[in-house]
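Let chain L serve as the given structure and place chain D on it in line with the hints.
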Amino acid sequence: MKPLRVTGHSIACAAGIGQHALAAALCNRVSGLRPNDLSEYPLATWIGRVAGIEDVCLPDHLLEWDCRNNRLAWLALNADGFLERAVSMRSRYGADRVALVVGTSTSSIGASEEGYRRLLPDGQYPEDLRRPIVHTPHSLGDFVRAALGLEGIVVTVGTACSSSAKVFAQAERLMNLGLVDAAVVGGVDSLCGSVLFGFNSLELVSPEPCRPFDISRRGISIGEAGGFALLERSGERGPWLLGYGESSDAHHMSSPHPEGLGARLAMEAALQRAGFTPDAVNYINMHGTASQKNDEVEAHVVASLFPATTRASSTKGWTGHALGAAGILESAITFAAMEMGIAPGTLNARELDPSCGPQIRVLNEPADIRVALSNSFGFGGSNCSLLFGRDQDA
Amino acid sequence: MRESAATAHTAFVNGVALWAPRIPGWNVAAPVLRGEAAAADQPAPRPVPAVLAATERRRAPDTVAIALEVAARACESAGVDPAELASVFACTEGDMAISDYMCETLARTPMLISPTRFHNSVHNAAAGYWCIGTGCMQPYTALSAHRDTFGEGMLEALVQAQSTGRATLLVAYDIEARGPLATMAHSRGMVGAGAVVSPKAGAASLARIRWRTVRGMERTAPLVRNAELVAGNAMAACLPFFEAIALEEARTARFGLSPTMLLEMDFDFPTRNDGSWP
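Here the protein sequences come in this chain order: L and D.
Take any residue in the first sequence, count from 1 to its spot, add 1471: that is its number in the numbering used here.
Take any residue in the second sequence, count from 1 to its spot, add 636: that is its number in the numbering used here.
Just chain L, with the same shape it has in the complex:
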């Protein structure tokens, strides 16, 4: 494919709001995880909670969309000067020539959960929550449309933890066919009862901060994040989207294919679309959730597909697993790594699982990262790998 330029991007996650805060946390190996203080009912786990969401005040014209998920979206839109760039892009191309493709796993289901907690005796939602748009999965896409004043294609992707990686693929197709000239992509997922207690029911949440690829890892730390990116055919600066690969496991709803066949297909397809071979990849930001199965299978595939010179890590020890926002969050981390010349290690990992090949690193290392891969795999066996190129290497 013809590379697309990422001419702007923003991030809000537990490790920091804005690209500079995230980069500093990565360099200094400061985790954003903390003991769960979010759910009303106690659950002994660690979470990647974004500070300050509760204090966000949406502008009057956006109050109809008010809820935790859209407040997090608003934090991300206002980080890194993104909103101004997006508005400038809208004026440049026209509001109907910019596609909006965003991903989320649970969107604003947190608002529906609150409605049920505060149900009135007659079975009605409390008055302040009687806003249908926050009780539908497209809440996120519709909010961002209204916030950015876009008037074209607007869609919300919901493929669980691959959602905000797959948005890059969908946007690229729209641009390549000439249906739009540019795209806003991204994703937002916020902490809510459904994911905390849902993953708990599957015995996948860790009682301690997650330790991806560690031999004694005990599960995932759930996080929240929001982030966006602007895609254009050309531009002055910014990293490049070089390729993407998508596949399905066809195996199980909540467990990866035992040989990682789907994950492998996604990584190979991303390389193939870009016309690259595995040895061109300097760094891989792995899905690396710290679940027993994912890490074992993904480590095996990376070890069999890439040379020892390719560095790889999971950064979920910094941020938690941001679920539907993992794709955009880890794209932002990949951009930071390329820009800083530092390959992040795997925070919280102490002793690596024997399934890990030489690619997987625990410590941060200085590295010349020209090409990087970011993996996002989701429930329902949905896999997506994104291949990015560094700013200067057009």
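Calculated from the structure, these hints are not laboratory results.
Since the model is a prediction, treat every value here as computed from it, not as a measurement.
Where is the CB? At the ideal position from N, CA and C, for every residue including glycine.
Hints should not be assumed to be uniformly reliable.
[Stated by the list, open to error] Residues on chain L that point at chain D, a partial pick, calculated with CB under 7 angstroms:
id, residue
1, GLY1594
2, GLY1669
3, ALA1721
Chain D in isolation, oriented as in the chain L frame:
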């Protein structure tokens, strides 16, 4: 602001499927949509998702049952192997019975959430089961766009078909809203819509479409006589697509992509005498 470029792309509809309670399947639906037959008086029971293992069929959530039914029938109608097709699953509200269960249980006994219902709560559950059941490793996506979900789903299927040069499966569905959530997310009954679209004509292509995106707000409404068949369901907007296929008369239909953007489709059909395209 300049107008949207209106370059048209061409696609062929190689297979379709439609299921609503009183028109449960394309063979019964098509004559009803043409006005040649009456819809059943009684609603049909929910379809059985035959691609699933016997133990999974009964437990399958309604969204999975309806989606897998129309997905399988659309592939059958197109004469294609499901394992070969990339797919687009479009659903406005997700599985509202599961959402109701999750919200209700979280409000009272969060530690008792069922792990199966939790993993079935993801928006891509039906897509995941479809790929498991058919052994399909081709990519799928799952999306929503509120009242424009059918349009966005159809657009993505057409875009994928055009981009890859291969047939792509669209599966669009919504079920009945339950519990307190039903006061916010309105949907009645169960509607499933399937189509296999391809950039290439097949031996049995049902229609040719020239499609483009255009600015505008005027979505095509179902014919008055047919509207009640899907009325109240969140996927009701799909009906004009199937009316066009059933009627086999050249026409244009428009589906929403957002409040200000439409997918415009010009339908035409093989000539009756020699089956060639006009």
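Against the structure, the hints:
The interface hint given for GLY1594/L holds, since its Cβ lies 6 angstroms from the closest Cβ of chain D, which is under the 7 angstroms cut-off. Annotation: GLY1669/L was flagged as interfacial toward chain D, and the flag holds, the nearest CB pair being 4 angstroms apart, inside 7 angstroms. The beta carbon of ALA1721/L comes within 4 angstroms of a beta carbon in chain D, closer than 7 angstroms, and the hint placing it at the interface holds.
When the structure is compared with the earlier hints, no violation turns up for any of them.
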